[in-house]
Amino acid sequence: MNTRTKAETYRYLYRTMKLIRSVEERLARAHMEGLVHGACHTYVGEEAIATGVCAYLQDDDAVFSTHRGHGHAIAKGVSPHALMAELYGRETGCSNGRGGSMHLFAPEIGLMGTSGIVGPCILQAVGAGYAAKLMHTERVGVTFFGDGAVGNGAFHEGLNLAAIYDLPVLFICENNLYATEVSFSYASRNPSVASRADNYGMPGVEVDGNDVLAVYKAAGEAIRRARNGEGPTLIECKTYRMRAHAEGMGESGYRSQEEIALWKDRDPIKTLRDRILEDDLIATDDLKTIEAEIKTIVEEAAQFAADSPWPDGQTAISHVYQEE
Amino acid sequence: MREITFTEATLEALSDAMAEDPSIFVVGEGIGERGGNFKTTLGLYDKYGPMRLCDTPICERGFIGMCTGAAMAGARPIVDFMFMDFILDGMGELINQTAKMQYMSNGRLRMPMILRGCIGIGNSAATHHSGSYYPIFAHIPGFHVALPSNPADAKGLFTTALKSDDPVFFMEHKLLLNHKGPVPEGEYAVPFGQAAVVREGTDATIVALSVMVYHTLEAAETFAGEGISLEVIDPRTVAPLDVDTILQSVHKTGRLLIVDETFMPCGIGAEIAAQVTARGFDDLDAPIARLNGAHVPTPYSPALEHAIVPNKDTIIQAIRDLLAE
Numbered sequence: 001m002n003t004r005t006k007a008e009t010y011r012y013l014y015r016t017m018k019l020i021r022s023v024e025e026r027l028a029r030a031h032m033e034g035l036v037h038g039a040c041h042t043y044v045g046e047e048a049i050a051t052g053v054c055a056y057l058q059d060d061d062a063v064f065s066t067h068r069g070h071g072h073a074i075a076k077g078v079s080p081h082a083l084m085a086e087l088y089g090r091e092t093g094c095s096n097g098r099g100g101s102m103h104l105f106a107p108e109i110g111l112m113g114t115s116g117i118v119g120p121c122i123l124q125a126v127g128a129g130y131a132a133k134l135m136h137t138e139r140v141g142v143t144f145f146g147d148g149a150v151g152n153g154a155f156h157e158g159l160n161l162a163a164i165y166d167l168p169v170l171f172i173c174e175n176n177l178y179a180t181e182v183s184f185s186y187a188s189r190n191p192s193v194a195s196r197a198d199n200y201g202m203p204g205v206e207v208d209g210n211d212v213l214a215v216y217k218a219a220g221e222a223i224r225r226a227r228n229g230e231g232p233t234l235i236e237c238k239t240y241r242m243r244a245h246a247e248g249m250g251e252s253g254y255r256s257q258e259e260i261a262l263w264k265d266r267d268p269i270k271t272l273r274d275r276i277l278e279d280d281l282i283a284t285d286d287l288k289t290i291e292a293e294i295k296t297i298v299e300e301a302a303q304f305a306a307d308s309p310w311p312d313g314q315t316a317i318s319h320v321y322q323e324e
Numbered sequence: 001m002r003e004i005t006f007t008e009a010t011l012e013a014l015s016d017a018m019a020e021d022p023s024i025f026v027v028g029e030g031i032g033e034r035g036g037n038f039k040t041t042l043g044l045y046d047k048y049g050p051m052r053l054c055d056t057p058i059c060e061r062g063f064i065g066m067c068t069g070a071a072m073a074g075a076r077p078i079v080d081f082m083f084m085d086f087i088l089d090g091m092g093e094l095i096n097q098t099a100k101m102q103y104m105s106n107g108r109l110r111m112p113m114i115l116r117g118c119i120g121i122g123n124s125a126a127t128h129h130s131g132s133y134y135p136i137f138a139h140i141p142g143f144h145v146a147l148p149s150n151p152a153d154a155k156g157l158f159t160t161a162l163k164s165d166d167p168v169f170f171m172e173h174k175l176l177l178n179h180k181g182p183v184p185e186g187e188y189a190v191p192f193g194q195a196a197v198v199r200e201g202t203d204a205t206i207v208a209l210s211v212m213v214y215h216t217l218e219a220a221e222t223f224a225g226e227g228i229s230l231e232v233i234d235p236r237t238v239a240p241l242d243v244d245t246i247l248q249s250v251h252k253t254g255r256l257l258i259v260d261e262t263f264m265p266c267g268i269g270a271e272i273a274a275q276v277t278a279r280g281f282d283d284l285d286a287p288i289a290r291l292n293g294a295h296v297p298t299p300y301s302p303a304l305e306h307a308i309v310p311n312k313d314t315i316i317q318a319i320r321d322l323l324a325e
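Quick note, the sequences are listed as chains A and B, same order. Counting in the numbering used here, the first sequence runs from 1 upward without gaps. Counting in the numbering used here, the second sequence runs from 1 upward without gaps.
Worth flagging that the hints you see were computed from the coordinates, not collected in a lab. Ideal placement from N, C-alpha and C gives every residue a C-beta, glycine not left out. Each hint should be verified, as a subset may be incorrect.
Here are a few chain B residues that sit away from chain A, every Cβ distance over 12 Å (derived from the structure) [as the list claims (entries may be wrong)]:
{"#": "1", "residue": "E60"}
{"#": "2", "residue": "N96"}
{"#": "3", "residue": "K174"}
{"#": "4", "residue": "A273"}
Beta-carbon label-pair distances, calculated as ranges [as the list claims (entries may be wrong)]:
{"#": "5", "chain 1": "A", "residue 1": "G229", "chain 2": "B", "residue 2": "G107", "range": "29 to 35 Å"}
{"#": "6", "chain 1": "A", "residue 1": "G38", "chain 2": "B", "residue 2": "T314", "range": "47 to 53 Å"}
{"#": "7", "chain 1": "B", "residue 1": "G49", "chain 2": "A", "residue 2": "A261", "range": "53 to 59 Å"}
{"#": "8", "chain 1": "B", "residue 1": "K39", "chain 2": "A", "residue 2": "S318", "range": "17 to 23 Å"}
{"#": "9", "chain 1": "B", "residue 1": "H251", "chain 2": "A", "residue 2": "E33", "range": "56 to 62 Å"}
{"#": "10", "chain 1": "A", "residue 1": "S195", "chain 2": "B", "residue 2": "H139", "range": "53 to 59 Å"}
{"#": "11", "chain 1": "B", "residue 1": "M91", "chain 2": "A", "residue 2": "G229", "range": "48 to 54 Å"}
{"#": "12", "chain 1": "B", "residue 1": "A274", "chain 2": "A", "residue 2": "G38", "range": "50 to 56 Å"}
{"#": "13", "chain 1": "A", "residue 1": "E108", "chain 2": "B", "residue 2": "T127", "range": "44 to 50 Å"}
{"#": "14", "chain 1": "A", "residue 1": "A316", "chain 2": "B", "residue 2": "A274", "range": "50 to 56 Å"}
{"#": "15", "chain 1": "B", "residue 1": "G107", "chain 2": "A", "residue 2": "Y254", "range": "38 to 44 Å"}
Turn these sequences into a full structure, and let the hints guide you.
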């Protein structure tokens with residue numbers, strides 16, 4: 001990533017965010033059409049975080065994610081085809097239809113799983129950091145989690161363990177202000193997540209999570225520290241979920257229209273696009289080409305998912321244990 | 001054959017495996033320089049250092065989750081809980097994460113993780129240091145559960161656990177840790193899912209688990225003096241459970257008693273009874289009997305503690321009842 005020119009970097013960041021957004025908008029439609037069978041939590045509005053962090057990661061760096069994990073999967077390299085097919089419950093999905101929206105696995109490229117339980121991903125990333133240090137590799141463990149996980153014991157135990165063993169781990173808190181519909185201001189007397197890093201003796205950084213360049217910069221420094229054996233970092237990314245907690249849920253009144261409008265104005269993709277044009281880094285036509293290309297990919301992915309075979313019911317009992 | 005203790009037997013298997021495989025590491029409270037509360041890692045810290053003998057804060061959920069992630073990333077963690085009771089703080093990690101990762105990744109992730117610790121009632125350890133809980137783990141898809149009852153099986157089953165790519169519970173009864181017995185030198189593995197017929201007989205089959213094997217063998221000796229021949233079976237692992245060996249025995253004896261210190265409802269005895277009834281109904285000459293510890297938390301006073309666990313006398317009575325059916 002560090003060998004990219006500035007324009008290439010901006011192109012990469014823009015393309016990745018736009019791809020995540022487009023796939024999810026298509027998934028939201030598919031959910032309404034009944035093609036997505038279970039829950040579907042979108043990442044719309046938060047794309048800058050996965051994009052900015054994963055831009056630095058290699059395939060063998062391990063990412064542990066949440067129920068809102070489509071963006072992390074795509075940013076880590078899962079194809080829109082494999083992601084959409086997974087939500088459609090098909091054999092060609094990244095978890096071969098075993099997981100759906102909340103259980104995306106592609107360990108061969110370091111997506112070690114998204115999860116339906118809040119908290120465990122924090123501890124597992126610490127474990128990946130432990131394994132990296134034990135086996136003398138330069139791998140890092142990265143966990144994404146929401147503000148809802150901050151009040152969970154896994155946050156405390158995980159940060160403490162990573163700190164005392166000096167592990168190469170990035171703790172990325174996506175503070176979108178609400179855990180489902182419970183506000184962080186209700187759930188915590190301390191409005192800052194980043195400040196908690198002090199409690200564990202590690203650096204804590206707060207960034208604008210809707211500014212992909214700010215995320216990219218903070219993550220770059222944290223990964224440099226991790227790979228240099230300087231230990232973990234906590235990064236709090238302030239952001240906002242632009243859609244409901246899950247597809248099919250409405251706005252029940254837990255957040256105001258003004259607040260929603262304010263954050264929609266701060267859409268991370270629009271913000272980067274404006275900046276690219278302002279700084280004349282990529283020509284408008286080039287951006288349009290990228291956008292058209294993504295549109296095609298997403299339509300192809302949706303078609304691929306719809307055309308893919310269902311998994312064979314006979315396989316539903318395999319892989320509970322290692323098989324010879 | 002040389003004789004060593006149960007704990008020395010597992011330590012030998014562990015030390016040999018750690019010498020061979022640098023991805024094995026142990027976590028727990030006091031398992032580093034101290035060598036473990038029960039000497040389960042004695043001397044290993046000097047050989048393998050702090051990353052491989054990792055002392056932890058008291059945060060079971062945290063280090064179970066950490067070890068789950070480490071296993072996903074290619075290491076081979078061993079969690080030494082000291083007392084298995086402490087594992088309960090990490091049940092969500094174990095059941096929702098550790099047990100499911102291989103399945104959810106469709107076989108792409110491996111979960112080579114050992115969860116070991118002492119179990120069982122004895123020594124007035126009282127309610128938070130006497131639990132066993134293995135029926136709970138045997139209920140969950142994805143786990144193996146080993147219950148060695150003697151030093152040779154302890155080494156053999158621990159060796160198999162060390163080579164397994166699945167999560168393995170290794171439950172060591174506190175009253176067995178200092179038992180001495182013959183143990184083969186060098187590499188010695190006992191496969192999972194193979195029960196041991198520890199005493200052959202023809203009049204009734206007694207399945208006994210963990211420390212109950214000893215009480216049952218003493219009871220069998222008493223009956224031998226009366227001319228009654230009992231077959232005693234130690235399943236050695238309850239997940240997988242070797243029902244075939246039990247069925248073969250019941251085919252011969254027609255009568256079955258299961259002696260288990262853990263609770264009766266939904267327990268290992270219930271599972272054995274259901275499977276033997278389903279597959280060996282015609283062989284049974286009497287209803288299958290169970291003898292369990294009382295369905296209560298564990299009290300402290302020796303007088304109370306003694307009252308809730310099967311012992312030689314209650315086992316003898318249960319066998320007399322079975323034979324009278």
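Outcome of the hint check:
1. At roughly 9 Å from the closest C-beta of chain A, the C-beta of E60(B) falls inside 12 Å, breaking its exclusion from the interface.
2. Distance to chain A contradicts N96(B) as a non-interface residue, since its nearest Cβ pair spans about 5 Å, not more than 12 Å.
3. For K174(B), the shortest C-beta to C-beta distance to chain A comes to about 27 Å, beyond the 12 Å cut-off, and the non-interface label holds.
4. Non-interface status of A273(B) relative to chain A is upheld: no Cβ of that chain comes within 12 Å, the nearest being about 24 Å off.
5. As the Cβ distance of G229(A) to G107(B) is approximately 34 Å, the hint placing it in 29 to 35 Å holds.
6. With their beta carbons about 51 Å apart, G38(A) and T314(B) fall inside the hinted range of 47 to 53 Å.
7. The beta-carbon spacing between G49(B) and A261(A), approximately 57 Å, falls within the hinted interval of 53 to 59 Å.
8. At roughly 41 Å, the beta carbons of K39(B) and S318(A) sit outside the given window of 17 to 23 Å.
9. For H251(B) and E33(A), the hinted distance range of 56 to 62 Å is satisfied, since their beta carbons lie about 58 Å from each other.
10. Against the hinted window of 53 to 59 Å, the Cβ-Cβ separation of S195(A) and H139(B) comes to about 43 Å, which falls outside the hint.
11. The hint said 48 to 54 Å for the Cβ distance between M91(B) and G229(A), and at roughly 34 Å that hint is violated.
12. Distance hint check for A274(B) and G38(A): the Cβ-Cβ separation is about 33 Å, which falls outside the suggested range of 50 to 56 Å.
13. A C-beta distance of roughly 46 Å is found between E108(A) and T127(B), which places it inside the suggested range of 44 to 50 Å.
14. Roughly 23 Å separates the CB atoms of A316(A) and A274(B), a value that falls outside the hinted 50 to 56 Å.
15. About 41 Å separates the C-beta atoms of G107(B) and Y254(A), a value consistent with the hinted range of 38 to 44 Å.
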